[in-house]
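Trainee: Sequence:
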Amino acid sequence: MKKILEIINLPGSAINFIGGQFKYLNEEGGYEMHLICSPGGGIEEFCQENNVKYHAIQLNRQVSLLQDIKSLQKICKYIRKEHIDIVIAHQSKGRLLGMIACAITGVKFRIVFAHGVVYETMTGLKKWLMMKNDKFVSSLATKVVCVSNFVKQRRMADHIDKPGKTVLLGRGSCNGLDTINKFNPSLVLPQDVEVLKQKYGITSEDFIVGFCGRLVRDKGIMELIEAFKTLVEKYPKKSIKLLIIGGPEKRDGLPEDVLHYLTHTDRIIFTGRIPFAEIQKYYLLMDVLVLPTHREGFGMVAVEASAMERPAIVSSYTGCAETIIDGETGLYIDKTASSIVAAIEKCFDKDFSRKLGLNGRRFVIENFEHTIIRKHVLNLINSIVN
8 MKKILEIINL PGSAINFIGG QFKYLNEEGG YEMHLICSPG GGIEEFCQEN NVKYHAIQLN
68 RQVSLLQDIK SLQKICKYIR KEHIDIVIAH QSKGRLLGMI ACAITGVKFR IVFAHGVVYE
128 TMTGLKKWLM MKNDKFVSSL ATKVVCVSNF VKQRRMADHI DKPGKTVLLG RGSCNGLDTI
188 NKFNPSLVLP QDVEVLKQKY GITSEDFIVG FCGRLVRDKG IMELIEAFKT LVEKYPKKSI
248 KLLIIGGPEK RDGLPEDVLH YLTHTDRIIF TGRIPFAEIQ KYYLLMDVLV LPTHREGFGM
308 VAVEASAMER PAIVSSYTGC AETIIDGETG LYIDKTASSI VAAIEKCFDK DFSRKLGLNG
368 RRFVIENFEH TIIRKHVLNL INSIVN
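Numbering-wise (my numbering), the sequence shown opens with residue 8 and increments by one.
Calculated from the structure, these hints are not laboratory results.
A hint or two may mislead.
[Claimed, not checked] Taking lysine-lysine and the BS3-like style, the derived pairs with C-alpha atoms no more than 30 Å apart in a straight line are: (1) 257 x 134; (2) 245 x 342; (3) 382 x 9; (4) 150 x 382; (5) 142 x 10.
Working from the sequences, and respecting the hints, build out all of it.
Mentor: Take a look at the structure:
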């Protein structure tokens, strides 16, 4: 039995974004699955449930030369000890250390996942260094899996990958999502939604504009707030509320006055981070999801919202554009608050909004259901190994 080692920075990413893919590759592919990532977040219990051999190694998101060298040494030691055949690496630090470890230990089969174009909104020296890093990592990999065609084309245009090295899993994403047993509106009990509505003071008269993601500038939070203010002023008799799901981060963080506005404004419902196991219920609180991001590899929240029959309004110039069909399953916006306002106004029409939601769920089931994406992953691995 050949052994696959997946290297991921964060335990939450392994659980929420890769999830059952570990068990699938074990049961359907016959591979022995291993995982290296930072400790915590229930990762040990997850690995026990999914028949994954877990090894804790701290992988810092920020550059920490001494810690990174120690982590690299530990990865190399584990690869040699377990006689790993295939390494699959995710996220910037996991990809870099994983591919260097493969080169040092002689692992033949090396796959990296490009979950986005990190340098897309960077400038100057920082952008140059990140591009050089991505090009170096790609040079060490056997294949580079891009989560969207946007990521694939952008990396090709920037000469990050050599021709023929990049792969797209169907229409995109790294694992798809479970539209049958999790992101399925028919499985959510109405009383559970009512409990949440009571908790957050949501009534049947409210029109809820939803956002789900990291609270950073790159996610378009500033433009969303400006659009929200415009809508409230333009429609004083309409009860428009903004539902913000997510937590603030230091890197590319929001100004303190913006965070204060989000947490101290009557018509804004700020939940903070919520358990991934509960997220499908929160989508049902929304009338529309808005993802006005400046940089996005794929835009999984738009797919999740669509699966829950909620129309998604997304940026037209990043990877999340591929998660909808404009005018049929969702709506495109640009980098302006006025475009967000115009798109939300279209969704005031309940019949139109419902049509987008129903079409969106069908589109997700046909293209991003996890059983479809996982077959692509297994076929890719088998084609490399065989």
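Trainee: Which hint numbers doesn't this structure obey?
Mentor: The structure conflicts with no hint, since it agrees with every one listed earlier.
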